[in-house]
Amino acid sequence: MNALPALKPAEIVTLIGRADEFPRLPIPLYLDSVPAGFPSPAQDYVERALDLNELLVKRPAATYFVRAQGDSMIEAGIHPGDILVVDRSLEARHGDIVIAALNGELTVKRLETQPQARLVPMNSAYAPIDIPEEANLELFGVVTNVVHSLRQP
Amino acid sequence: MNTPCFALVDCNSFYASCEKLFRPDLKHRPVVVLSNNDGCVVARSSEAKCLGIRMAVPAYQIQDLIQQKQIFVFSSNYALYADISNRVMTTLEGLAPAVEVYSIDEAFLDLKVLENQDMEVFGQHIRQTVDRWIGVPVSVGIAPTKTLAKLANHAAKQYPGTHGVVDLRDPARQRRLLDLMPVREVWGIGPRMEKHLEQMGIRTAGHLADCDPGVMRRTFSVTIERTIRELNGEVCIGLDEEPAAKQQIICSRSFSQRITQFQDMREAISSYAIRAAEKLREENRYARSITVFLRTNRFNPHEPQYTPSASTELALPTLDSRDINETALELLRSIYRDGYRYMKAGVMLGDFYEPGVYQQNLFEQGQERPRSKALMTTLDRINHSGLGRLFFASEGIRKDWAMKRAHLSPRYTTSWKDLPKVN
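From first to last, the protein sequence lines stand for chains Y and H.
13 is the number that my numbering gives to position 13 of the first sequence; each next residue is one higher, with no gaps.
Quick note: to get my numbering, add 1000 to the position in the second sequence (first position is 1).
Just chain H, with the same shape it has in the complex (with noise of 0.2 Å):
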């Protein structure tokens, strides 16, 4: 019997990364990415970093640093970032014998049948081989579970004499890391239970792992028992399972312009809720709650506020997009009111089943659409084939909201006319 091994492969600042691939004269330079709409910092290099950016800070508030330190700024580039990623799997799907891409820039890489290699050396590999033939750096952590291939990881990129690899089996080793760790840093350990663990006194990772897991499990959940297991190297998360199911689907953006026009709101809400559907049938799960919310400005304030949300259960749970963008434009005018500046707005699906769970009550009323799933997966094929685009015509056409790219970068993997130049 092979005992367990896994790998996280984590690139390191990928969205900057992408962004320098092409751009020698940026090689030592800083670089921050924006999110959406420029709005806050998503992605620093490492130069930018050591100039104390911190993540998510908004780009307003580094306007000055970004002159005087000469930052170069980039919107994000989604195109470039999909194909770089696509890239580094397809380069890890042929190094590894099981690879289970858990992000845009992460995936966790199966490894028990290699295991009598030298794990630090096949490492290496790893990392030149996607620098090489990709051109982004990469960090990886082994250890025996995911749980703690993810600190491995973590350990790689903060301390440079590990050379971006961190080889975790030996218990010793995993034993000084975990004291070494804030329990923050402990993949799956959210703000809200951080705070809850240090009230309890637990600080490190090394702290939660000496924790009993039948009593944590008692007071939390059996999400934190296999947190601690793991911790302890008992693999309790295989490959392609996560450590818990998310609670809700929000999609939201801040639009480019102010919204003051229902017609121009009611076509941005009808868009997130159609793509919250889409990403709620990824997961394979039905909702049964849905929120409509709206923001203005809360940092100026000349403007008057308004900051409604509105949420409705539905009769029965659904995947369907027609009854989630309903259900949101019925919210939607619920709450929208004129003479408003509004700036965001988004729609957050929640209280999810698995296909079939769901049991209905006696006096409960509804029935599910005829045909809704199998309507749904053509819909979704035609839109996933990139041959083309179905949507519904409540989402608009022009989409005059739509997000402010000021800084975009080229599309230079993913458009003829936007190809890298040479001399």
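Just chain Y, same shape as in the assembly (with noise of 0.2 Å):
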């Protein structure tokens, strides 16, 4: 058996904060209530749990998800069955993982637009798609994130 290198734990995962065990109420009990006595000493260090939504949608109202089929954008890290994360409020531009609605269906690729308009899969075993100049191509939104569980259920 080989021996591994020890990590020293810095180098494994970088604690970045408690998650936020109840995602309900992110707030915190007490945060407005007026003490008839002292202040408590801990209340000016109460801070909100952190909550993935703050993370992950910037723009709520704008913020759509959907699943991901299939392995074109596997080399982009989407898999097949991740949630993908949608903002339609941002401006498109190249090199962006989009969805487009390609053939009456939407579809995750990455837009180009130089030297000329086309969807990109990213996967060697697909062509990228020519999108021609009269074509208008209909965006959907810009894909921010990947929501992929790593563990099975």
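Honestly, the hints are just simulated from the structure, not real lab data.
Check each hint, because a few of them may be wrong.
As the list claims (entries may be wrong) - Simulated DEER-style distance windows between Cβ atoms:
{"#": "1", "chain 1": "Y", "residue 1": "Ala49", "chain 2": "H", "residue 2": "Gly1094", "range": "24 to 30 Å"}
{"#": "2", "chain 1": "H", "residue 1": "His1163", "chain 2": "Y", "residue 2": "Val147", "range": "37 to 43 Å"}
{"#": "3", "chain 1": "H", "residue 1": "Cys1050", "chain 2": "Y", "residue 2": "Pro132", "range": "27 to 33 Å"}
{"#": "4", "chain 1": "Y", "residue 1": "Pro132", "chain 2": "H", "residue 2": "Asp1240", "range": "48 to 54 Å"}
{"#": "5", "chain 1": "Y", "residue 1": "Pro80", "chain 2": "H", "residue 2": "Pro1410", "range": "16 to 22 Å"}
{"#": "6", "chain 1": "H", "residue 1": "Pro1304", "chain 2": "Y", "residue 2": "Pro80", "range": "55 to 61 Å"}
{"#": "7", "chain 1": "Y", "residue 1": "Ala49", "chain 2": "H", "residue 2": "Leu1390", "range": "27 to 33 Å"}
{"#": "8", "chain 1": "H", "residue 1": "Asp1118", "chain 2": "Y", "residue 2": "Pro132", "range": "35 to 41 Å"}
{"#": "9", "chain 1": "H", "residue 1": "Ile1382", "chain 2": "Y", "residue 2": "Pro132", "range": "52 to 58 Å"}
{"#": "10", "chain 1": "H", "residue 1": "Leu1239", "chain 2": "Y", "residue 2": "Gln152", "range": "49 to 55 Å"}
{"#": "11", "chain 1": "Y", "residue 1": "Val147", "chain 2": "H", "residue 2": "Arg1337", "range": "52 to 58 Å"}
{"#": "12", "chain 1": "Y", "residue 1": "Ala49", "chain 2": "H", "residue 2": "Ala1172", "range": "56 to 62 Å"}
The C-beta atom is built at its ideal place from N, Cα and C for all residues, glycine as well.
Could you fit the two chains together into a complex? Lean on the hints.
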């Protein structure tokens, strides 16, 4: 059996904060109470628990979730069954992963705007799709994050 | 002092637009959405309107057209519409200083502090933002009063040249539009009032605007006086105000299958009564009159017909679900007859009172239940929290009679299982 080099904890994972245990109520209790006696010394240190929504969803009204199918975007880290966070308020730029309407279906591809507009699968087994200049490429939104589960339920 | 300025933002063919959102294959296809129980058409995409499908037409009457023209039919997907509506309203709240959500697909904006802006440009900004962020088209009508903003919105929808935005602040422009609009398009003018007005020769919004408000108030009501003043640019209805309070609350549905058992009907009436009571409390009003009605299928001449209704007046106005439920069930017992196949039933509340205004007659009997208001508030809070639902045992648990929704689309935005799929 090969001996693995010892890793310092910090090299493995970095703790960035306590995860939110009660996602429905991210605001701590007593935040707005008016204490009758001495103010609690802990009060100045009340912080909100971390909420993943804050990280993944910048604009809730414009954000939709969709589910990826197939392996055409595997090299972008998008696996079948993953949930994609799509923000419609963002202006799509060259290189963005986008959701586009293609042949009446929603598809996820990498957008290239130069030298010519095309939708590029990120899997060498698939060919890029050229978008002719006269065709109006219809974009549903820009993918900002992938939610990929690593443990089978 | 800022001059008043309101906008009405209205989603175009809202339910149909929601159904198209995740279906690019339906982009230019005719789509209709059916009411509860797949009964009547309640929304039509512009393509479906072009095919001559009228609003509220019963679905069975357009079966052939649906086949011939390949019209896509959906059952009402309220989970989807409510979520999309909420996104539209939140977006509008970020764009305007004050917003009144008027219905699932309409909102009034108070724009008086923005008055120096180019309103046409601002209207287009609203339109484009909602279209891009959420993906449903809206029309915008801008005017000095809510009643005129409603008309402006109507014009924005009707005339393609407006590109979905009409700024109706210019009095000359107001006049031109008023003369074009039939009086029934005026906010608050119902079919009955339309008939009265027609008899007086008042056919357009312009005719109505020219009426003497004082005379019309004495002939009809203060409501129409306000409408006339509003059509002339005088603000009478502020944000969060209705032109007229609703006179009834009705909860009524058609059943998915005919009801022939008293127990099933009891459950149906009980749920309608409790839903009606909930609506009553949303409006913070008390009701004194309760009506229950039943309907057999009048389209089927071979079945025995029975369409009874029964009403009662309570000793005291109430907003307590228990009073309304018990009374409705008593009324049901008094009219229910075996041997009929019931298609529809409903509960109606009327004779409304604001809290604390009811004067009890010396000889009247009756007492409010102790702590009724507090209990009902708790009940509503739990049921609105989304965490669970409290219901009355009389509503039943299985609800076999509940509605038919054969063409329901997935709950795209409210269920992890139903997320739109991308390849």
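Taking the CB of H:Cys1050 and the CB of Y:Pro132, does the distance hold inside 27 to 33 Å? For H:Cys1050 and Y:Pro132 the Cβ distance comes to about 29 Å; the hint holds.
Return holds or violated for the Cβ distance of H:Pro1304 and Y:Pro80 against the range 55 to 61 Å. 57 Å, holds
Check the following: the C-beta atoms of Y:Ala49 and H:Gly1094 are separated by a distance inside 24 to 30 Å. With Cβ atoms ~25 Å apart, the hint holds.
Starting from the hint 56 to 62 Å, judge whether the C-beta atoms of Y:Ala49 and H:Ala1172 obey it. Because 59 Å falls inside the window, the suggested range holds.
Please check whether Y:Pro80 and H:Pro1410 have a Cβ separation lying inside 16 to 22 Å. 18 Å Cβ-Cβ, so the 16 to 22 Å window holds.
Kindly confirm whether 37 to 43 Å is satisfied by the beta carbon distance between H:His1163 and Y:Val147. With Cβ atoms ~38 Å apart, the hint holds.
Assessment of proposed distance window 48 to 54 Å (beta carbons of Y:Pro132, H:Asp1240): 51 Å, holds
Given the range 35 to 41 Å, decide if the beta-carbon distance of H:Asp1118 to Y:Pro132 lies inside it. About 37 Å separates the Cβ atoms of H:Asp1118 and Y:Pro132, which means 35 to 41 Å holds.
Given the hint of 52 to 58 Å, is the C-beta distance from H:Ile1382 to Y:Pro132 inside that range or not? 57 Å, holds
How does the Cβ-Cβ distance of Y:Val147 and H:Arg1337 compare with 52 to 58 Å: does it lie in that range? 57 Å, holds
Hint says 49 to 55 Å; check whether the CB-CB distance for H:Leu1239 and Y:Gln152 agrees. Given range 49 to 55 Å: holds, Cβ gap about 53 Å.
Cβ distance range 27 to 33 Å for Y:Ala49 and H:Leu1390, holds or violated: Once the Cβ atoms are compared, 29 Å apart, the range 27 to 33 Å for H:Leu1390 and Y:Ala49 holds.
Checked against the numbered hints listed earlier, the structure breaks none of them; every hint is satisfied.
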